[in-house]
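Peer 1: Each protein sequence line maps, in turn, to chains A and B. FYI, the numbering for the first sequence is 0 to 267, going by numbering that gives the first Met the number 0. FYI, the numbering for the second sequence is 0 to 543, going by numbering that gives the first Met the number 0.
Incorrect hints may appear among the rest.
Pairs of lysine-lysine residues, derived as DSSO-like cross-links and limited to a Cα-Cα distance of at most 30 Å, are as follows [as the list claims (entries may be wrong)]:
| no. | chain 1 | residue 1 | chain 2 | residue 2 |
| --- | --- | --- | --- | --- |
| 1 | B | K85 | B | K114 |
| 2 | B | K284 | B | K232 |
| 3 | B | K252 | A | K31 |
| 4 | B | K379 | A | K31 |
| 5 | B | K114 | B | K37 |
| 6 | B | K232 | B | K66 |
| 7 | B | K284 | A | K31 |
| 8 | B | K202 | B | K37 |
Some chain A residues well away from chain B (every beta-carbon gap over 10 Å; in silico) [claimed, not checked]:
| no. | residue |
| --- | --- |
| 9 | N1 |
| 10 | L10 |
| 11 | F24 |
| 12 | L52 |
| 13 | I99 |
| 14 | L110 |
| 15 | V127 |
| 16 | V151 |
| 17 | S158 |
| 18 | F164 |
| 19 | R188 |
| 20 | N232 |
| 21 | A235 |
| 22 | W241 |
Quick look at which bits of chain B chain A covers, simulated, 3 or more residues with Cβ under 8 Å [unchecked claim]:
| no. | segment |
| --- | --- |
| 23 | 257-264 |
| 24 | 315-328 |
| 25 | 379-393 |
| 26 | 414-426 |
| 27 | 475-488 |
What the hints contain is simulated information worked out from the structure, not anything from laboratory work. Computed from a predicted structure; not experimentally measured. Just so it is clear, CB atoms sit at the ideal spot from N, CA and C, and this is done for glycine as well.
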Amino acid sequence: MNTIRQIAAVLLGIIFLATLFAGAFAPAPYAKQFRESPNASPSRMHLLGTDELGRDLFSRLLYGSRVSLLLAPAAALLATSIAALVGGLAGYAGGWLERIAMAGTDLSMSLPWLFLLLTVRAVLPLNVPPAASLLITFALLGLFGWAASARVICAGARSLRNSDFVLQAKACGCPSLRVLARHVLPNLRPALFAQLLISIPVFILTEANLGILGLGVSEPLPSWGGLLRGLENWGAVQANPWRLAPLLLLLIVVSCFQLILPREDFAA
Amino acid sequence: MRRLTLALIAASILLSGVLPAKSQSGGELHFVLRAEPKTFDPMLVDEEASETIRFLTGGVLIRVNRKTQALEPELAASWKVSQRGKKISFHLRDGLSFSDGTPFSAEDVAFTMRKLLDPNLHSPTGDSFRSSEGSVRVAAPSARDVIIEFPAPVAGLERLFDQVAIVSSRSPKKETAVLGPFTVAEYKSGAYVLLKRNPYYWKKDAHGQRLPYLDSIRLDIQQNRDLELLRFKRGEIQLINNLDASYFENLAKEEPAAVRDIGPSLDAEHMWFNQVPAAPIPDFKKKWFRSANFRLAVSEAISREDLCRVVFSGHARPAVGPVSPANLFWFNRSLQPHPHAPQEALRRLQQDGFRFDGHVLRDGEGHAVEFSIVTNAGNKSREQMAAMIQQDLEQIGIRLNIVTLDFPSLIERISRTFDYELCLLGFVNVDLDPNGQMNVWLSSSSNHQWNPEQKSPATPWEAEIDRLMQAQASTPDQNQRKRSFDQVQKIVWDQQPFIYLVNKNALAAISPALANTSPVVLRPQTFWNVESLYFSNQGRGVGQ
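Next comes chain B alone, as it looks inside the complex (with noise of 0.2 Å):
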């Protein structure tokens, strides 16, 4: 008994540490959408600012814990997926409401999903859930239980209900009606967003206290990432997600307790040569681009250690595949970046009949190795990286020459034309399933970059990648996609059609004044939990 006092005396002073008393709740958080939202349709959202918008106000059937990137029931209490993946059953929470008190039921999950996966709508959403031909068939048996059958497995179907934020099939306000934490109440075009909380929102904290604790979320909408790190100091925002390196150090060093480095995020760094049977390069050159080993070689002699250090002041990780190490499940542990070796590189060439005089390296034929490399024009890291290579590329006689183009032109050349040789771009991964990259790895799609669109695959290996991006779509069983996965992480690694340079580190401002904070890689970083912040009384902040 004395045992159970102390525990409970233990439990109620560690609660009162992370949650806030009542007279610390309230007050208005402020951040900024860099863009402006293009909809506040929840089925019509395919850009960052509308996702934000999404995901503060929308409710969801299963959430994607960021920390854990485990699933969680939300709105569902429990749901099963059987038929092999073409079948999802729900069985929702009791007594939910929507932002205007109407009644949560199977019949607004109904709704949601019919109007979701109506073609005519082409929702972003919507598509995800395509995998063939056919109708989806929508049923709702009692006012807590729904069934969604689809024409075909679905691989990872439940982590697609992440996005799906439920709308009211009665409310008269259908934008306004909403499950989340909260509601948008004021928008001014080019200004900003207001969002205000949810009366009837469903969760609570320990003490039984209804979520979330802030009043509300002014989203002030500003491009200039100046100007956004000017107000932070200024303390009239409160967060910063997506830091660059360069304005984290000069942060870091006014605010040391305000920037937090998160790790490797999802994003990759990468580069890639032409191998596209017609394009406008010569056949000598489509030979050297071609060979694994050529790609290989030019992937070793590159420095990634320093790329990390140098271009990204330390807050980046070298990469190794398509999935970052923040992808918890999907991460091949098995690979290792490749490391800088330039004898082995060179070792590698003369494999391939290249020879290498002390300054020059010629290709069988007498060629001089020298191709360009083009990125986008104003991305100063790219342009840095791009200056990096090519000194590490002259240590093995290599000439790279540095085209920096606008963006459009560069789009031009890389989809159109395909009038280049090297090209450095980075990967923005938002989806933690290989299904969301479905559309680099085929053969056939206009997305696999360096040769795109192909009849039949060129390769044998492509081939391969092929068949195992196929059987990881086509099996619910996790085990078996993460193999068949893991198989084309090792192809990729071995080909380097994609040559992976560097996994930038999430970096997140945070004002000292926000309180029970918990930033991850996982977009969206620092408010994932925006339910549970609050303001504390130390430190500033305009919220209190």
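So that you can see chain A by itself, here it is in the shape it has in the complex (with noise of 0.2 Å):
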């Protein structure tokens, strides 16, 4: 099992190099249209081909997967705060302020996301750069993506709320917030590295979601979810199954995170 989890690792260690020196190894600019070769086949020029506007489909590959799996593991970052805040706080104080801060995760649940993030996106400023909307799309993400995370934080602290080590610490005359800080906090760890983990696909999930809706990244930056809305053209795909690199790298990336998460973590 183990080993399995290091293949994983370097696979995807291998990935984030690749993609952290795109320049160096993409042969053109991403936003470039050969617009003499739209849907080209795979050539010496274009390794994977060229997508409807004569764009190099390796370089926009190497350049959208740097910005999902940089951005994507940052947005699980502040979501996974924002889940550690509410959810071990809620969980450790216990009574209406658990009642109050759980009520408030239902209901951010509940909320049909995908809406709310459209009509967001929607009242923003247009004059945004592409890399700025990219940084707002992942911003909002993490933003709204805490809640599932949070009550799993919750229920980890409300079962170290009664602990041994805790009470013990209590008895002692230790400060709440000592408490949290220095006891509660560290054995929330492994959950919370979980949910880290977990959160990362997610969201990568979330924006391949957005872009084909036409929502995600906006042109001609490239992304995962864009790259996957080439798709669409199954014609395309058919004369070019190279086109599927994306979704293939997608399910690469998925799983091997999946791969990493120690089996105890899942158990937290």
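Using the hints, build the complex out of the two chains.
Peer 2: So this is what it looks like as structure tokens:
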């Protein structure tokens, strides 16, 4: 089992490095349109062929992976931090604070976030450069994606609240904040880590879904969501099966993230 | 005598190739309605699905021939427009009956027109006849004559009757008593509409056989276009109207005999700059957008040929203006699409005080030229066009940000808050006559998109368009109307309030099993001659 985890970690590392140094590997700028050769098959010039506008698919895949792989963990970190704050405090404090926090979490989980994201995107200023639109998209995902994790963290903190070592620390006169910081949070670390790793592929897929709806990262910046939209043209996919490369890479990355999770962390 | 015999033999051979033998008639044609029909009442039709039912079932006095675009007599044997377009007199055909057997007479036409023009009915078809205040007088002096008098001239009056399906004044079941080739036999909400052959339909073929040839038509209600294509490939449906270029290409590879590129359609893709004085955008940008030189420069910087070739796989033509070349009479043939000329665009911009340093274009006050283009999310061809326009404008130093919005948000911005800079959308044109575009070109109109609902025209050229549109609407002389509307097209070409990009081609799929098809660009593209369609013995089809 450890070997599989190691292979997954190495594979993720290679993919991360390749996307981080995309400029060194990409044969063409990701936005350049080779209009004489749209939907071209793989060639020496275009390793994975070109998209409908004649843009080099390999370059777009490298840059798109960078966008998705760097910003999805950032969004996951933001969401997990919010979840730790809300869930940890609610679970540890208990009583009315827990009830209010969990009611807020339930409300948050029941809202149609996709429509809310569409609405928020609609009220944002229009003259936002692609890079800023990218940051906004992932920041929104992070800000809205904390609720499920907060429930898990809250449950963990609640079980710790009445544990022997916490009761003993309280009996010794240890202040509440110190108990939370020194005894509760360290014991929640495996759950937080698991939630962080679970959130990354979730955010990658959410961005991909937004991209399929045409509402993710704006043109000409590539992302996995935007690249997956190319699969809508099944005729072009049949002519050039290498257009499935973004889907394959997405599957590999999501699988790797799942594989590197320790089983005991899932249990947490 | 010998010549005559040979001519008769040749004619009979020719006709035998065009007309079906009796054994070949019959069968059920299948195709798809992409939405639920909202009504079966021909007077209340205001969307495509109901329009399809009305076309297949309704009998009209005058029909626009979808191929020649000329008017042809249908239920009316002849007609005459007089008093400069205020009065129209019809002389009806004799011996016709509704599908339930009740006879057709002038009383039915008078009943239909009175009902249609009743303001309380709010009929979209009736609205197009209302040119001014006042009542319409309808009289039926004999069983075969009808006279209709309007309070003011109605431009293109006779063409409007193409949309008026005559209903029976006497039949107890008015919805099913029709004068068209088919009648509604069955309707299952959300599933299908079944039309059966009208046994009393008046048209006959050259052999004297009563039309239509088909026994029935089944219209399956289905929104998903992928499924529609799949069902066509399986032979479950025989027609697809308005195919997308990508679907067309996909199908062309598998069934080249089934796809038809009919040429430029009436529809156009276009974009426009926001010129609303109160719009919440910076004043220096408003100054750019109000400059005709700026708009022309942007227009010339765009390669329309590339848009047609790359986005629409060659199934589109560079657009000239508000009228497509497919509109045979009204298109101004002296105009050409604006060429792709980035250098000329830069020269125009320099005239307005802009400077290009090789990377960035700046205005006279030093502002970098950057604006956003909004379009509706999920429309792939528009998103691709926006990406190509982005690269074209980059060549002259303009930075374009692409924003895709869900449709309600987009409409909110372009029609209420006016919080946008450049908008890319499409123009679906169903009316050949320029009167159908009055609400776009009059400066007081709410659909005058770049600067709607003006109290008085903001510019001299908008005042001139107002004058010309009013002039063409107030005369029945077609040539005079054409001259006025040609000038409107020229002003729009010069001023570019709408930057027209492409006219998409009308693309269709027709099963090789279906004979006598003759697809055209006007709606309904593939079944405009439905009474003459039949299944051939060759090929496949569920109809046989």
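Peer 1: Compare the structure with each hint and give your call.
Peer 2: To see whether the hints hold, each was checked on the structure:
1. Between B:K85 and B:K114, the direct Cα distance comes to roughly 19 Å. Compliance with the 30 Å bound is thereby established for this hinted pair.
2. Restraint check for B:K284 and B:K232: not satisfied, since their Cα atoms lie roughly 51 Å apart, outside the 30 Å limit.
3. Only pairs whose Cα atoms come within 30 Å are accepted, and B:K252 paired with A:K31 is accepted, the gap being roughly 29 Å.
4. With a C-alpha separation of about 19 Å, the suggested pairing of B:K379 with A:K31 holds against the 30 Å cut-off.
5. For the proposed pair B:K114 and B:K37, the alpha carbon gap of about 19 Å is at most 30 Å, so the pair holds.
6. Between B:K232 and B:K66 the alpha-carbon distance is near 27 Å, which keeps this suggested pair within the 30 Å criterion.
7. Annotation: proposed proximity of B:K284 to A:K31 holds, straight-line Cα distance about 28 Å (limit 30 Å).
8. A distance of roughly 29 Å separates the Cα atoms of B:K202 and B:K37; the hinted pair therefore holds under the 30 Å criterion.
9. Under the 10 Å C-beta cut-off, the non-interface status given to A:N1 relative to chain B holds; the minimum distance is some 45 Å.
10. Every CB of chain B is more than 10 Å from the CB of A:L10 (nearest about 32 Å), matching its label as outside the interface.
11. Chain B leaves A:F24 outside its interface by the beta-carbon criterion, the shortest separation being 23 Å against a cut-off of 10 Å.
12. With 10 Å as the threshold on Cβ separation, the claim that A:L52 sits away from chain B is violated: the shortest Cβ distance comes to roughly 6 Å.
13. Look at A:I99: its CB is around 33 Å from the nearest CB on chain B, clear of 10 Å, so calling it non-interface holds up.
14. In this structure A:L110 is separated from chain B by more than 10 Å, as the shortest Cβ-Cβ distance comes to about 17 Å.
15. With a cut of 10 Å on Cβ distances, A:V127 falls inside the contact zone with chain B, its closest approach being about 6 Å.
16. Interface exclusion of A:V151 from chain B stands, the closest Cβ pair being 32 Å apart, more than 10 Å.
17. With a minimum CB-CB distance of about 43 Å to chain B, A:S158 clears the 10 Å threshold, and the non-interface call stands.
18. Distance check for A:F164 against chain B: the nearest CB is about 52 Å away, which clears 10 Å, and the non-interface claim stands.
19. Separation of A:R188 from chain B is adequate, the least Cβ-Cβ distance of about 40 Å exceeding the 10 Å criterion.
20. With a minimum CB-CB distance of about 5 Å to chain B, A:N232 fails to clear the 10 Å threshold, and the non-interface call is violated.
21. Non-interface status of A:A235 relative to chain B is broken: a Cβ of that chain comes within 10 Å, the nearest being about 8 Å off.
22. No beta-carbon of chain B is positioned within 10 Å of the beta-carbon of A:W241; the least distance is around 18 Å.
23. Closer than 8 Å: that is the beta-carbon criterion, and the segment 257-264 of chain B has 0 residues meeting it against chain A, so the requirement of 3 is violated.
24. For the segment 315-328 of chain B, the stated coverage by chain A is not satisfied: 0 residues place a CB nearer than 8 Å to a CB of that chain, which falls below the threshold of 3.
25. With 8 residues carrying a beta carbon less than 8 Å from a beta carbon of chain A, the segment 379-393 of chain B meets the three-residue requirement, and the given coverage holds.
26. Taking a C-beta to C-beta cut-off of 8 Å, the segment 414-426 of chain B contributes 3 residues in contact with chain A, enough for the three needed, and the coverage statement holds.
27. For the segment 475-488 of chain B, the stated coverage by chain A is not satisfied: 0 residues place a CB nearer than 8 Å to a CB of that chain, which falls below the threshold of 3.
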